[in-house]
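Using my numbering, read the sequence shown as starting at 4 and increasing by one per residue.
Fair warning: there could be bad hints in the mix.
Pairwise CB distance ranges, derived in the manner of DEER restraints [what the hints assert, rightly or not]: (1) 493 - 469: 18 to 26 Å; (2) 411 - 322: 22 to 30 Å; (3) 318 - 252: 46 to 54 Å.
What the hints contain is simulated information worked out from the structure, not anything from laboratory work. Note that the Cβ used here is the ideal one computed from N, Cα and C, for glycine as well.
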Amino acid sequence: MDWLILIPLAAMGVIGGGALGWFLGKRLVQQRVREQLRSEIEAARQESQRLLEEAKQQAAELLLQAKDEALRLREATESELRRWRADLRKEEERLRHRREELDRRAERLEKQERRLNERQAELDRQSAQLQAAISRFEEERRAALEQVAGMTVEQARQALLEMVEKEAREDMARLYRQIEAEARIQAEERAREIIATAIQRIASEQVAELTVSVVPLPNDEMKGRIIGRNGRNIRALEKITGVEIIVDDTPEAITLSSHDPVRREIARVALTRLIQDGRIHPARIEKVVAEAREEVERIIWEEGQQAAAAAGVTGLHPELIRLLGRLKFRTSYGQNQLHHAVEVAWLAGMIAAELGADVRIARMGGLLHDIGKAVDHQVEGTHALIGAELARRYGAPPKVVNCIASHHHEVPQECIEAVIVEAADAISGARPGARRETLEMYLKRIQDLENLARSYPGVAECYAIQAGREIRIIVKPEEVDDLAIIRMSREIARKIEETMQYPGQIKVTVIRETRAVEIAR
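From just these sequences and the hints, can you work out the full model?
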């Protein structure tokens, strides 16, 4: 700190009035500064030396630790290798024993095979001897039988063939009668099915009640406006809509006739709007028909979506939804096909859930089983096969396609869901009131069926079951024998065909039972 004191002294010397004092003060200050720097440099050198020594010492310690760790790892690795070598020696020893055991077993098998071959040769020799003895015995027995029977083998074979042929002919006759009866019933059922399908696909006078729509008129003067001058309005309507318009003597009504229910609905909507508007001419007709077509298409789309939602079916292609909506305007025996499809989907889903089947497949198959009826008047083929092709084209699962194609047994049923859909379809169509038959008519038909069976002598009881599709008749065994019940069933079936009207077919079952009861005392 001396040089710090000399600074003010040098300053004072300068102030005191001399250059010498200033110079001496400056030299003293520089000397002090150099000494201070040397001391700091020495201190820094000593500090760096100390840090270097510490670093060397830490490096030596780390190197020692690394050597210890490497030694430990080497010992552990060598221990593991020794264990592996021991395991390998044990495995080699086990394999060697196993190989020796297999060699011994192979040697035993070879010995057994040689013994078996020798035994087989002995058995072949004995079999040949036995076969020769049997042949001699057969010859002797045949000669003895020919002597006893008084006929040769060929004569006996001919007699046996004649007896078998006679029995076969009798069996064939019975089978033929059975097949003929079944074929008659099936042919009748198939004929009715074909007629019902044709009614929906072909317009004719005999089926007008299923292919017409009636449009009410405010007054009979409107008929003349619909016809137009020289019939131009009615011709324009028929040309644009593709529907036949019948204007007859029916008061305040005209009739629309077409085998296509969608076109008939478009014509009905358009004609209703024209009647309400009052302006009827070809240009207006063309515009209103276009608007009606758009409205019907919108209704079709909405009905298809609502039906799919009501049935709980999702993921359908938009075209399938549109075709489903077209079923709203299609009926079968008076039953709306869209409502029928939703009902079948519900029934199939419930049955599938009870049986542990795939509920989704059953519901989708039930909803789409009659989808072919939406276009069956446009495409050749049955509605089941048409619907299956449409479902396959628009990405339906293979099981759903089989449900649609097989619900009328046109193709084999490949899954349990197909059987369920067929059963649900039958239930929906067969329940009382589902189709064009009131409950009173249904009950009357059941009663008439039972009364017809009771009118035959020897009938004790009779019951109409299966919604009138089967009648079971119990006869008195002391009055009717087994041959008579066959004749009775045939006569009752023929009488039902001649006197009654019914959908499908009716199975007639006549039961004759004899019981003998005695009490032991």
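The hints, checked one at a time:
{"no.": "1", "hint": "493 - 469: 18 to 26 Å", "in the structure": "20 Å, holds"}
{"no.": "2", "hint": "411 - 322: 22 to 30 Å", "in the structure": "23 Å, holds"}
{"no.": "3", "hint": "318 - 252: 46 to 54 Å", "in the structure": "53 Å, holds"}
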